[in-house]
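Enquirer: This is what each chain is made of:
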Amino acid sequence: MKLVDVMSASGLSMYAIVALVLFVAAFCAVLFMILAPGAAARHAQASRLPLEDDAPLAAAHRSSHEQ
Amino acid sequence: MSSHVETFSYDDAVVRKFLWATVVWGLVGFTVGLIIALQLANPWFNFNLEWLSFGRLRPLHTNAVIFAFAGNAIFTGIYYSTQRLLKTRMFSDGLSNFHFWGWQAIIVAAALTLPLGFTQAKEYAELEWPIDIAIAVVWVAFAVNFFGTLIKRRERHIYVAIWFYIASIITVAVLHIFNNLSVPAGLFKSYSIYAGVQDAFMQWWYGHNAVAFFLTTPFLGLMYYFMPKAAERPVFSYKLSILHFWSLVFLYIWAGPHHLHYTALPDWASTLGMVFSVMLWMPSWGGMVNGLLTLRGAWNKVTEEPVLKFFVVAITAYGMSTFEGPMLSVKSVNGLAHYTDWIIAHVHTGALGWNGFMTFGMIYWLAPRLFQAPLFSKKLAELHFWIASFGILLYVAAIYSAGITQGLMWRAFDETGRLAYPDFVETVMKLMPMYWVRVVGGTLYIIGTLIFVYNIFKTWKARPATYEVPVNSAPKLAKEVPAAHPAPVGEGALARFQSVRWHRRWEGMPMFFTVMVVVAVVVASLAEIIPTFLIRSNVPTIASVKPYTPLELAGRDLYIREGCFNCHSQMVRPLRHETERWGEYSKPGEFVYDHPFLWGSRRIGPDLARIGGKYPDLWHVRHFAEPRAIVQNSIMPSYGHLGRRALDFDGIQARVDAMVMLGVPYGEAVTNAPAMARAQAQQIGAGIEAEGGPAGIADREVVAIIAYLQRLGKDIKSAPVLSTGGVTP
Chain A
1 MKLVDVMSAS GLSMYAIVAL VLFVAAFCAV LFMILAPGAA ARHAQASRLP
51 LEDDAPLAAA HRSSHEQ
Chain B
1 MSSHVETFSY DDAVVRKFLW ATVVWGLVGF TVGLIIALQL ANPWFNFNLE
51 WLSFGRLRPL HTNAVIFAFA GNAIFTGIYY STQRLLKTRM FSDGLSNFHF
101 WGWQAIIVAA ALTLPLGFTQ AKEYAELEWP IDIAIAVVWV AFAVNFFGTL
151 IKRRERHIYV AIWFYIASII TVAVLHIFNN LSVPAGLFKS YSIYAGVQDA
201 FMQWWYGHNA VAFFLTTPFL GLMYYFMPKA AERPVFSYKL SILHFWSLVF
251 LYIWAGPHHL HYTALPDWAS TLGMVFSVML WMPSWGGMVN GLLTLRGAWN
301 KVTEEPVLKF FVVAITAYGM STFEGPMLSV KSVNGLAHYT DWIIAHVHTG
351 ALGWNGFMTF GMIYWLAPRL FQAPLFSKKL AELHFWIASF GILLYVAAIY
401 SAGITQGLMW RAFDETGRLA YPDFVETVMK LMPMYWVRVV GGTLYIIGTL
451 IFVYNIFKTW KARPATYEVP VNSAPKLAKE VPAAHPAPVG EGALARFQSV
501 RWHRRWEGMP MFFTVMVVVA VVVASLAEII PTFLIRSNVP TIASVKPYTP
551 LELAGRDLYI REGCFNCHSQ MVRPLRHETE RWGEYSKPGE FVYDHPFLWG
601 SRRIGPDLAR IGGKYPDLWH VRHFAEPRAI VQNSIMPSYG HLGRRALDFD
651 GIQARVDAMV MLGVPYGEAV TNAPAMARAQ AQQIGAGIEA EGGPAGIADR
701 EVVAIIAYLQ RLGKDIKSAP VLSTGGVTP
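Taken in order, these protein sequences are the chains called A and B. Number 22 in the numbering used here belongs to position 22 of the first sequence; there are no gaps in the numbering. Number 552 in the numbering used here belongs to position 552 of the second sequence; there are no gaps in the numbering.
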């Protein structure tokens, strides 16, 4: 028996529902990640990275202060 | 914790190289685009030269603008921004240079082989197998260099632009490898391992995601880096950028089948592609809004700064084309637009507006910094902006009109229920004024590009004798995630989870992050690919469909060499106006021996799925020699060389052998292909002579391509043959 026969006979009607659940879960995880308390400060800091990259010394001070 | 400060410098030399490559190849790609636009407006511009005909130059244009112009632009931006965002030099200067020179060598190889007719016949994946291997090697070198840089970075947080680069690098590799799997039949000839429906599915899984992960996500990374730089303020919403990223990664990979609506692709796959395409609209517009609102409070700068003008129009074009894309993926809209110039207009809104203007804006911003001299002329940059913008408007307005006009003419019925425009060439002639307006629009865009080249060249001329290489410093990255950032709110596992330190830890593990992207891309791909390949009911076989004879196979390869699939589809959709015009709609089982599939994506000429037996052989001989002698207003190039050039009969055996390796049941032809081909060619040649045609053409290429065309669409009309003994001439 070939793989094609197995797959053709296996009835994959649940396939779409499983995919839907997985994707909704992934979407919820992303939403949580960006809305979770504590994320805002980190995002504000991250969003400034392109503006700081021409002045690495300043960034160094910032980083060492964090640590 | 150690805060030991390290010093380092950035490798801007490689950025300058990629910048120049972008400028040069952009000009080449746009010029070839202008030539093929002229060829459609007047076939005289094919110059009766086979290597300059539309079918061969069109893939050169698309490859040049996508992989040469946009590709080098991406690398310019990635090499510049990655080093600065990660506060480190690239992992290896040697790999950077190997990437640069390797990529340029691949472009030169494409520029030589495509006009010579070496092609796999897959859109945006035309390059033959040795070049495909070279692309894979160079891409891996780029990936090693990029991920090596990530590992040795001095900035813990991986900025969202880098996420877009990671997704692009990984996904392009996956797409390239799987769509280009083929069996060689010579140094520059190969056959896709997939056939028919499955090949079409793989091609548009690749084709759509090439647009997504080569022309969209890397440019979004550039937008998230260069827009804040030019506007001198952070991106409007970092949260939105994260949502934008993950939504695109999860959704884009599913959308490919919308390129195959109403074809022989299973309907479930087509619907799935449509639904995910419609969902893509929201994150795409989230990204557009995020880009534009980065200018909040700074819109006055747009009036003074050409870089921002280019970015604003680019992001607006991104928004327009990512609204139009989902709209075109709706089946009823697609039924009108597919195979027409509407798709060409859609693509050029994105390519000229989004990719082109993002690139111009980025280079105008980079040039003074990389060449360490002020931009030669802001006024010329402004002039470039206005001329190119007007050029885009003329181009897309004309071609949208052409697309909708032709789509409506194809489906028009008169009061008696017959096709209102049964003669296909009528629907082509109607487009000529719009094709000339496109030529004007494209010319304006190129004039703008010439101004750009002059401006950048003059800026470069003013460079210092020796470039200054600033020495930067930053502390080495600590191994541990900072302990109290942010501080957990409360105690317990939930509080720790809510403090999102876990995500911060992920960001400190770029390889883990990369694996997450791979999982999102691969799971989505497999969810579509596995059923299409492994469930038999998706491609019901037809007993009367047999492999092509050796001569027909050789003719099919000539059809591929000449790029006929760039203008002719081989797919009758189950729509009334299609079956009235072309005949019975196409079935999945008709294509099981088609390595590769040749359904096409544009009907500049008529569909050929049912051409077999429609005209006598002699009609084809004369039509190939001079199309306008047969169809007065045809815009098809002349293919007189097919009647002059001898067919390589002996080379047919290697082609049959490759097909046999792919499982095509060739029976007697496995050992006797050249003799079988000669016998069939003699028969066709004698028939042509008997019809009053030229004598002695049985050994010419034209006979093979006629044999192929006369076979198209005939099998489903034949009685099923139960024997599996292979082909007979």
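It is worth saying that the hints were derived from the structure and are not from the lab. Please note that a few of the clues may not be correct.
[Claimed, not checked] Sample of chain A residues with no beta-carbon within 10 Å of chain B, all distances over it, derived:
1. Met14
2. Leu22
3. Ile34
[Said to hold, decoys possible] A few chain B residues facing chain A, derived, Cβ under 7 Å:
4. Lys239
5. His641
6. Arg645
Please read all numbers here as calculations on a predicted model, not as lab measurements. In this text, a Cβ means the ideal position worked out from N, Cα and C, and glycines have one as well.
Enquirer: Run every hint past the structure and note whether it holds.
Expert: Hints and how they fare:
1. Met14: holds, 13 Å
2. Leu22: Contrary to the label, A/Leu22 does not stay out of reach of chain B, its closest Cβ about 8 Å off (not over 10 Å).
3. Ile34: For A/Ile34, whose nearest Cβ neighbour in chain B is about 4 Å away, the distance does not exceed 10 Å, so it is violated.
4. Lys239: holds, 4 Å
5. His641: violated, 44 Å
6. Arg645: It is violated, given that the least Cβ distance between B/Arg645 and chain A is near 42 Å, above 7 Å.
This entry does not satisfy hints 2, 3, 5, 6, going by the numbered hints stated previously.
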